[in-house]
Amino acid sequence: MILTELSSRKPAIDWSWHLRLVAFLGPAALYALVFILVPYANLLIYSFWKTDNYTIVRDFNLGNFARVFESPVYLSVIANSLLVASIVTICAVVLGYALALYVAFFTGMRRKFLYFLMVIPLWTSFLLRAFIWRLILGREGVINSGLAWFGFTDEPLSVLLFNRFSVCVALTYVFIPFVAIPVYAALEKIPPATLEASMDLGASPFYTLRRIILPLSLPGIIPGAIFTFCLSFGDFVAPSLLGGPSGIMISSVIINQFGSAFDWPFGSALAIFVIVVVGIAVALARLLERRYE
Amino acid sequence: MLSKVRDKPECTDEVQVRLDRVSKHYGNAAALTDLSLDVRRGEFLTLLGPSGCGKTTTLRLIGGFEVPDRGAVAIGGRDVTGVPPFQRNVNTVFQNYALFPHLTVFENVAYALRVKRLPGAQASERVTSMLDRMGLADKAGRYPRELSGGQMQRVALGRALINEPTVLLLDEPLSALDAKLRRTMQLELRRMHAELGLTFVCVTHDQEEALAMSDRIAVLDAGRIAQIGTPQEIFDRPANRFVADFIGGCNFIPAISRSDGTIIMPECKVSPQTGPEAGRGIVLAVRPHSLRLGTPEEGAIIELAARVSDIVYLGTAVRLVLSLADGLGLTAELGKDAVEKSGAKPGVVLRLWARAQDVIVFDAARSGHDPH
Ligand SMILES: Nc1ncnc2c1ncn2[C@@H]1O[C@H](COP(=O)(O)OP(=O)(O)OP(=O)(O)O)[C@@H](O)[C@H]1O
Ligand SMILES: [Mg+2]
Chain A
926 MILTELSSRK PAIDWSWHLR LVAFLGPAAL YALVFILVPY ANLLIYSFWK TDNYTIVRDF
986 NLGNFARVFE SPVYLSVIAN SLLVASIVTI CAVVLGYALA LYVAFFTGMR RKFLYFLMVI
1046 PLWTSFLLRA FIWRLILGRE GVINSGLAWF GFTDEPLSVL LFNRFSVCVA LTYVFIPFVA
1106 IPVYAALEKI PPATLEASMD LGASPFYTLR RIILPLSLPG IIPGAIFTFC LSFGDFVAPS
1166 LLGGPSGIMI SSVIINQFGS AFDWPFGSAL AIFVIVVVGI AVALARLLER RYE
Chain B
2 MLSKVRDKPE CTDEVQVRLD RVSKHYGNAA ALTDLSLDVR RGEFLTLLGP SGCGKTTTLR
62 LIGGFEVPDR GAVAIGGRDV TGVPPFQRNV NTVFQNYALF PHLTVFENVA YALRVKRLPG
122 AQASERVTSM LDRMGLADKA GRYPRELSGG QMQRVALGRA LINEPTVLLL DEPLSALDAK
182 LRRTMQLELR RMHAELGLTF VCVTHDQEEA LAMSDRIAVL DAGRIAQIGT PQEIFDRPAN
242 RFVADFIGGC NFIPAISRSD GTIIMPECKV SPQTGPEAGR GIVLAVRPHS LRLGTPEEGA
302 IIELAARVSD IVYLGTAVRL VLSLADGLGL TAELGKDAVE KSGAKPGVVL RLWARAQDVI
362 VFDAARSGHD PH
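Line by line, the protein sequences are chains A and B.
Going by this note's numbering, the letters in the first sequence line up with residues 926 to 1218, in that order.
Going by this note's numbering, the letters in the second sequence line up with residues 2 to 373, in that order.
No wet-lab data here; the hints were simulated from the structure.
Computed from a predicted structure; not experimentally measured.
Fair warning: there could be bad hints in the mix.
Claimed, not checked - Lysine to aspartate or glutamate pairs mimicking DMTMM-like chemistry, simulated, CA-CA at most 25 Å apart:
id, chain 1, residue 1, chain 2, residue 2
1, A, Lys-1114, B, Glu-126
2, B, Lys-117, B, Asp-70
3, B, Lys-140, B, Asp-80
4, B, Lys-337, B, Glu-298
5, B, Lys-117, B, Asp-179
6, B, Lys-117, A, Asp-1079
7, B, Lys-342, B, Glu-304
8, B, Lys-181, B, Glu-108
9, A, Lys-1114, B, Asp-133
10, A, Lys-1114, B, Glu-173
11, B, Lys-181, B, Asp-133
12, A, Lys-1114, B, Glu-67
13, B, Lys-181, B, Asp-139
14, B, Lys-181, B, Glu-126
15, B, Lys-140, B, Glu-126
What the hints assert, rightly or not - Over 12 Å on every C-beta distance to chain B, these chain A residues come out as not near it, computed from the model:
id, residue
16, Leu-1026
17, Leu-1052
18, Ala-1073
19, Phe-1075
20, Pro-1081
21, Ser-1123
22, Tyr-1132
23, Leu-1143
Positions of the beta carbon are idealized from the N, C-alpha and C atoms, including for glycine.
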């Protein structure tokens, strides 16, 4: 009796469940379609076309991709971007990790306040935070005037600004919170007794850091590193403000293609290239994460 | 030390751990006050006391996780005050085990050996034999989150023992287990202690557990030792009201001892007896199971009439909640048959008595904290 009732009710429940699923996921799916899938598809299609005398010709070809690989200029810019992104990622992970470690374990009552200070830069303009390095590294900047004041240098050092170094410094500074915040969240989740257990078993604080704290904070390091790598690889603010000739990065070239060069198909091909690199980086990181789980 | 079973596991008089008048404050609040404690080599000592009395703090001082404000800690005759935990030959089983979540059972147990850079083959041999002994041989590759509470407990024990510590500290090692497993593990711990011949210092707030496992019990009250002794001493001859009440529970009946040697108290008859100073206020302590029903026999010192206010069945025994005419509350635990025969039900007045040897007399003026 009850059984038949249940079985006869079943299909109806299924339908309402589907409807609810659509209602829940519908807006998100629509958002993804309009703001992610369509633009990317658009980019992909453009990358197979070409331009002729500043007009776009809808003629399927792989010439744009060939151009990326054939020309040493683009390859070297891409290599430079990869180099900058790698340096920035390493520096930001090391410094951001040290910061998070310090705030999480050595600050006692001031912890909440310091965490707050860590978050504040995220509310400040990215442009401003990159620009500030001009004031620090420039000819009349803090460092040069300091060196001159102490009499270490006769004339301002010009190696500080408008090169790869200044781009790396600014990007590292900008992305430190991107590492420090997720790492801090991971560190906070480690119970103090876990660390005490390690010391109890004879491990020094440094050994504990390597074998317990580091692996347990990996879920914070990996997203931080991915963010830093992807965003600094594709950044154009820092190179255009601080880059100079040796600091040119791929995004500046892409913007140029969409702007003054008016070669949208080639710009699209370069953009696709960037997306692929970023995709590979994310995939590698995921792989690493899975191994340590 | 681990592999050999000592011929005589009973303890010697040699002191293994000595706390010498240690005090520890957190902010303004004192966690421990002038606490002195000697743990003998090879004994199973339990720190027992209510929540917040300083048991964990005492253990952490021995483990090296806290430094005393005053006083000294010595292990094996060496002053270790201020020596960090990783330089002490003491290992701890933590309250919630604190297993390393990213390491397997094997790696957890092997941790201390890895730290010491013991060669791989030698280390894995020792870990394997430890896992065997703990009954975890088939769980070696599992992660802590894939274990039951009892299994985690054994991993924590194995991890702490692999280093062959001179002293093993256990902070409420069984509190996360269910009642049945707890009793099994109590025996297990005792057996292991006897087998290894190590010094165990265990913390618990469960008096039954303390009585069942320990060679000696130190009862802590508000950061001081209220009494230290064998389970039997503590139970039969509590040093003060606090200990009597905390271990086994107790009825306290205020009375006055008169200069002629008799004791008077309201609503009760007390036989003459010698003991406390004359003319002083005293407290008679009687355990619930020492109260008897019916006509007093030879050797009775307390007789009283009390009204039943509630009856609680405990299984084999029955707990009577009683009140004297002056409102003083008492509890008695009696055999089921005796209670049925007496016709006890709420509102009925019963006659109860207790033998002299079951009554402990405390001086009313003395505080419950006085360690004697
Ligand atoms: N880190 C700390 N900061 C401040 N006060 C503390 C700290 N640790 C312990 N205390 C205080 O010290 C006293 C003793 O604490 P302790 O942890 O030793 O108690 P315990 O006997 O182990 O209690 P429980 O049975 O609840 O575990 C308590 O009053 C507690 O509030
Ligand atoms: Mg405790």
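Now for the hints, and whether the structure bears them out:
no.	hint	verdict
1	A:Lys-1114 <-> B:Glu-126	violated (34 Å)
2	B:Lys-117 <-> B:Asp-70	violated (31 Å)
3	B:Lys-140 <-> B:Asp-80	violated (40 Å)
4	B:Lys-337 <-> B:Glu-298	holds (20 Å)
5	B:Lys-117 <-> B:Asp-179	violated (35 Å)
6	B:Lys-117 <-> A:Asp-1079	violated (55 Å)
7	B:Lys-342 <-> B:Glu-304	holds (19 Å)
8	B:Lys-181 <-> B:Glu-108	violated (29 Å)
9	A:Lys-1114 <-> B:Asp-133	violated (32 Å)
10	A:Lys-1114 <-> B:Glu-173	holds (23 Å)
11	B:Lys-181 <-> B:Asp-133	holds (23 Å)
12	A:Lys-1114 <-> B:Glu-67	holds (22 Å)
13	B:Lys-181 <-> B:Asp-139	holds (23 Å)
14	B:Lys-181 <-> B:Glu-126	violated (33 Å)
15	B:Lys-140 <-> B:Glu-126	holds (16 Å)
16	Leu-1026	holds (17 Å)
17	Leu-1052	holds (40 Å)
18	Ala-1073	holds (47 Å)
19	Phe-1075	holds (42 Å)
20	Pro-1081	holds (49 Å)
21	Ser-1123	violated (7 Å)
22	Tyr-1132	violated (6 Å)
23	Leu-1143	violated (8 Å)
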